[in-house]
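J.: Sequence:
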Amino acid sequence: QMIDNRVNKMDDIVKELVAFTSITQNKTCIADIDAEQLLYTILQQLKHTRNIEHIKFNISNKLNTTFKNDTTLLTLILTKLIENAITYTSRTKTPKVSIHVSELKKSIKIKISDNGVGIPDSAIGSIYDMFFKANHNSTGTGLGLFLVRTCVEKLHGSIAVKSKENIGTAFTVLLPHLLP
464 QMIDNRVNKM DDIVKELVAF TSITQNKTCI ADIDAEQLLY TILQQLKHTR
514 NIEHIKFNIS NKLNTTFKND TTLLTLILTK LIENAITYTS RTKTPKVSIH
564 VSELKKSIKI KISDNGVGIP DSAIGSIYDM FFKANHNSTG TGLGLFLVRT
614 CVEKLHGSIA VKSKENIGTA FTVLLPHLLP
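Here the sequence shown is numbered in the working numbering, starting from 464 and rising by one per residue.
What the hints contain is simulated information worked out from the structure, not anything from laboratory work.
Note that beta-carbon positions come from the ideal geometry of N, C-alpha and C, so glycine has one too.
Incorrect hints may have been included.
[Unchecked claim] Calculated pairs, DSS-like style, for lysine-lysine (alpha carbon to alpha carbon, straight line, at most 27 Å):
(1) K519 with K627
(2) K559 with K572
(3) K596 with K617
(4) K627 with K569
(5) K596 with K627
(6) K625 with K556
(7) K559 with K596
(8) K531 with K572
(9) K510 with K569
(10) K568 with K617
(11) K559 with K519
(12) K596 with K625
(13) K569 with K525
(14) K625 with K519
(15) K519 with K568
(16) K525 with K510
(17) K556 with K574
(18) K572 with K596
[Stated by the list, open to error] Pairwise CB distance ranges, derived in the manner of DEER restraints:
(19) D495 with L567: 15 to 21 Å
(20) A623 with T512: 33 to 39 Å
(21) I466 with P583: 28 to 34 Å
Make the full structure from the sequences, and use the hints.
T.: So, in structure tokens, the structure goes:
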């Protein structure tokens with residue numbers, strides 16, 4: 464069992480490093496994105512995630528139309544942030560994950576928040592570092608937020624985090640409308 468767990472962990476690390484290589488070496492592929500459909504697809508892919516059936520999701524999409532961006536990179540950004548929100552939701556109160564998508568003048572704003580364990584202040588400055596884990600009990604690879612930041616930067620966007628221990632975490636991603 465322990466060997467299987469180690470092999471699976473190494474497999475996850477290799478897959479994420481391959482994703483990183485692909486992100487950095489491939490050109491962006493701009494397409495029309497329907498935020499509602501993309502979020503639905505991601506949540507369907509995550510439906511077997513541990514404890515997801517106990518989480519109350521609040522999804523708000525204020526976009527009236529599609530927007531142009533890279534589907535692959537945006538999918539990775541959203542998937543990793545939603546996975547983290549699910550993983551670190553509250554264990555003592557009703558777990559909640561909120562996903563809000565809205566439009567600013569020349570960009571899309573995506574905010575993903577949870578009411579979970581939060582990130583210690585001492586760790587905030589390192590959360591985007593390769594292999595960094597803010598939680599010592601984490602079973603992840605320490606590559607998720609590193610990949611998210613890499614994708615956001617490739618799309619000329621920005622990412623910000625606000626977190627309070629035992630209250631929750633909110634990530635806000637701003638992505639410009641990209642032209643093909």
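J.: Next, verify each hint and record whether it holds.
T.: Structure-based check of each hint:
no. : hint                       : verdict
1   : K519 with K627             : 20 Å, holds
2   : K559 with K572             : 20 Å, holds
3   : K596 with K617             : 23 Å, holds
4   : K627 with K569             : 30 Å, violated
5   : K596 with K627             : 16 Å, holds
6   : K625 with K556             : 20 Å, holds
7   : K559 with K596             : 22 Å, holds
8   : K531 with K572             : 13 Å, holds
9   : K510 with K569             : 33 Å, violated
10  : K568 with K617             : 20 Å, holds
11  : K559 with K519             : 5 Å, holds
12  : K596 with K625             : 17 Å, holds
13  : K569 with K525             : 15 Å, holds
14  : K625 with K519             : 20 Å, holds
15  : K519 with K568             : 31 Å, violated
16  : K525 with K510             : 24 Å, holds
17  : K556 with K574             : 21 Å, holds
18  : K572 with K596             : 26 Å, holds
19  : D495 with L567: 15 to 21 Å : 18 Å, holds
20  : A623 with T512: 33 to 39 Å : 25 Å, violated
21  : I466 with P583: 28 to 34 Å : 32 Å, holds
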